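Student: Chains A and B are the protein sequences, given in the same order. Using our numbering, read the first sequence as starting at 343 and increasing by one per residue. Using our numbering, read the second sequence as starting at -1 and increasing by one per residue.
Simulated from the structure, these hints should not be mistaken for lab results. Take these hints with a grain of salt, some might be off.
Derived Cβ-Cβ restraints for the label pairs, each shown as a range [to be verified]:
| hint | chain 1 | residue 1 | chain 2 | residue 2 | range |
| --- | --- | --- | --- | --- | --- |
| 1 | A | F474 | B | G221 | 56 to 62 angstroms |
| 2 | B | E220 | A | A425 | 48 to 54 angstroms |
| 3 | A | A425 | B | G49 | 53 to 59 angstroms |
| 4 | B | T35 | A | R712 | 17 to 23 angstroms |
| 5 | B | T35 | A | I694 | 22 to 28 angstroms |
| 6 | B | G221 | A | G447 | 48 to 54 angstroms |
| 7 | A | A425 | B | T159 | 31 to 37 angstroms |
| 8 | B | R117 | A | A493 | 56 to 62 angstroms |
| 9 | A | V701 | B | Q33 | 42 to 48 angstroms |
So the derived list for chain B, only partly shown, Cβ under 8 angstroms to chain A, looks like this [claimed, not checked]:
| hint | residue |
| --- | --- |
| 10 | F51 |
| 11 | V124 |
| 12 | Q213 |
| 13 | R229 |
| 14 | L313 |
On a predicted model such as this, the values are computed, not experimentally measured, just so you know. C-beta atoms are modelled at their ideal positions from N, C-alpha and C, and glycine is treated no differently.
Take a look at the letters that make up each chain.
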Amino acid sequence: MTVVDHAPAQPAEATAPAPGLPDVPRRLGGLTRSGVLSLSGAAASGLCVAVLLFGEIAPFSGSLGFTVTAYAAFLAVYAVLTALEEDGQAVRDRVMTVVLWTAAGLLFSALALVVGFTAWRGREALPHGNFFTQDMQAAGPLDPLSHGGIAHAMLGTLIMIAIALTITVPLGLACAVYLNQIPGRFSRFVRTIVEAMTALPSIVAGLMVYAVWILGLGMQKSGLAAGFAISVMMLPIVIRASDVVLRLVPGTLTEAAEALGAPRWRTVWHVVLPTARSGLATAVILGTARGIGETSPVLLTAGFTAALNADPTNGPMVSLPLAVFNFVKSPEPTMIARGFGSAAVLMAIVLILFAIARVIGGRGPGHQTRRQARRTARASRRDIERYAGITHPGGAGQHPCAAPPRGATSPNAPAPDNGDSDR
Amino acid sequence: MASAVEVSGAPEPDRPVPRRLHTARGLGDRVFRYQLTATGVTVLAIMAAVGLFLLLRAGQALRARGFRFLTTAAWQPDVHNFGIAAVLTGTLLIAAVAVTISVPLAVGTALFISDVAPRGLRRTLVTMVDLMAAVPSVVYGLWGLFFLQQHVIGLSRWLSTWFGWIPLLAVDGTKPGEPLASDSVYTASTFVAGIVVALMVAPIQCSVMREVFAQAPAGEREGAYALGATRWGMIRAVVLPYGKGGIIGGTMLGLGRALGETIAVYLIISPVFVIQPHLLQTGSNSVSSLIALHYGDASTFGMSALMAAGLALFLLTLAVNFTASSIVARSRSGAQSEA
């Protein structure tokens, strides 16, 4: 991993590479035999020091203290072992590498713990089929888990997020296009505001809708109000994520469209948006995942009910996170089990949304699926025949632009005969 | 774009003046521009409405209390004795604990992903960090309430026993070293809430930092290696100086989220309305959990008082976020130029 490390090991290659072989980049990371030995030796001695301290010498106790002591001893021994054969620079490098591994390990195991704990505690409620098909209207807090369920919360979440998406998708995407396509002082200002609003406390979004919709207009708490509150919270997130994606659209593509005489709106509709489609879908889905999991805006605006309510304009409605929140406030073990069950369902929904986003957004801008590529190829072939018909009436298929189609360009955008070029 | 170019003004012979370009837009384009500008204005209006309506509703309470709104700790709006001194202190303390714990984790993980992790693993790790940022806050709250709370008592007791001489870490009502002291003084504290919020904000901070670290110029990295730097030497000489803006900006974005977190904090703390500087002791409060606690039973005037508290939280996070995004934007300037 260091120059000092590897240069003596391969002197022949470093000084005179064989002429026929391709250049092989030097391996910076990776483990050497002495590295593995020092690591395992240090680990063993760290463990032994901790056992000795906790068991024999000092009156320490507790698993956390044990881990911390063992880790500190491990680091110290590892530094000493490395110092036996390396210089100070390399020792610092080795020790910091271990520290970075630890930091990442800690963070990721915390995630695993949070997700795993919820899923584990949800195991009591989840196997009951009625948990997904019934509401809590007829089930009291003392009823066993075979009565009642969270159908009302699942339906409520679905309705609220549908309302929020209806508002945020058109508005958010249009605003992101605006920020990218019409630069100027005002759009810079809008961008600044939107960026500052991405971390808007969700309870403030709820409070705002409460102030306007319920106190101001005198409406009752309902699914619609909750949908509005989620929209206010999601809007900046969706705009910002889409803005970043739209910025990645290659400038050469839009310039090509404009050079062919396409007006701006056609460039946006046929080149920019299709190119960024997968990224935009990811932005919307990630925004949805955030919106679905928020409790506090819904808490203020939706009210609470134990009954199934499919009408967002009338009467209180409950969403999954709000149901979790209400379940675990009860001291009854069955209610807490229901809370964990709902949380597991909520987490599963977020996971699924995330997986979808990953599959769609895995490709960068301009990369197509096989089916999209086929469609583009068909459309280009049609165009070629059409051009051939225009330029050489009679002889088709001989046009010079019969090259394979570029992945990203949409077929019908730069058609030069759309009549706009001479306006 | 449909355009007609005309030359305006004869250039002087000695000094070439760039020719001004005029664009005549077609009808479709003009409609398109108006519509887009209209959406921009709509979004701005929605965002402005958040502050405006909070201010409007909060006016009554703010007029009644004036400056004392910031200095009173109690929350009894119906006898006109209320203020945000206690809840604001609690909010700031929870956020401070959270950021203190999350920043080392986030910086370490971001460096790990950008420079140390095996190449094949990096994409997976990035996805996992993003996923972690999307886990609902109520799930973190459940974990804190039912899992962390019991497991952290030992640490709290140890900290207060050995570091109790630091005012922030002192705990009233316990004697150091007394084995029979009740555990309940260590639960539902600022510290526990801070740990949970730290886990929530660490992924957000990590993903901002990782993005900036990944943009550190490859040429300079290779240069550092060519001069004989170890990997950590390269990180210190190239990645960390380049990513300083990202570290500060990411930290502050996380701080903004930590200040506004509601449900996880609400589930964990037991609310008190005195200024509680003892991190490890039971009882704490935050602005957002105050709102979640009292919105249901508030009178008209009480609602106005809650709106005022919400406004204070809103202004606080807005200030933090503006600072954060301007720092991040400055650190990336030039990185967006098109090839």
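Student: Would you mind marking each hint as holding or not holding in the structure?
Tutor: Status of the hints after comparison with the structure:
A beta carbon spacing of about 59 angstroms between F474 (chain A) and G221 (chain B) agrees with the range 56 to 62 angstroms that was offered as a hint. The beta-carbon spacing between E220 (chain B) and A425 (chain A), approximately 28 angstroms, falls outside the hinted interval of 48 to 54 angstroms. Distance hint check: the CB atoms of A425 (chain A) and G49 (chain B) are about 58 angstroms apart, consistent with the given range 53 to 59 angstroms. Distance hint for T35 (chain B) and R712 (chain A): a CB-CB separation of about 39 angstroms, inconsistent with the stated range 17 to 23 angstroms.
At about 37 angstroms, the beta-carbon gap between T35 (chain B) and I694 (chain A) misses the expected band of 22 to 28 angstroms. The hinted range of 48 to 54 angstroms is not satisfied by G221 (chain B) and G447 (chain A), whose Cβ atoms lie roughly 31 angstroms apart. Checked against the hint of 31 to 37 angstroms, the pair A425 (chain A) and T159 (chain B) passes, with Cβ atoms roughly 35 angstroms apart. In this structure the supplied range 56 to 62 angstroms is violated for R117 (chain B) paired with A493 (chain A), their Cβ-Cβ distance being about 46 angstroms.
Checked against the hint of 42 to 48 angstroms, the pair V701 (chain A) and Q33 (chain B) fails, with Cβ atoms roughly 32 angstroms apart. Checking F51 (chain B) against chain A: minimum C-beta separation of about 4 angstroms stays under 8 angstroms; hint holds. For V124 (chain B), the suggested interface contact is broken, since its CB lies about 10 angstroms from the closest CB of chain A, more than 8 angstroms. With a least beta-carbon distance of about 13 angstroms to chain A, the hint placing Q213 (chain B) at the interface is violated under the 8 angstroms criterion.
Proximity of R229 (chain B) to chain A holds as hinted, the smallest CB-CB distance being about 6 angstroms (cut-off 8 angstroms). Interface restraint check for L313 (chain B): the shortest CB-CB distance to chain A comes to about 10 angstroms, outside 8 angstroms, so the restraint is violated.
Violated hints, listed in ascending order, are 2, 4, 5, 6, 8, 9, 11, 12 and 14; each of the other numbered hints is respected by the structure.
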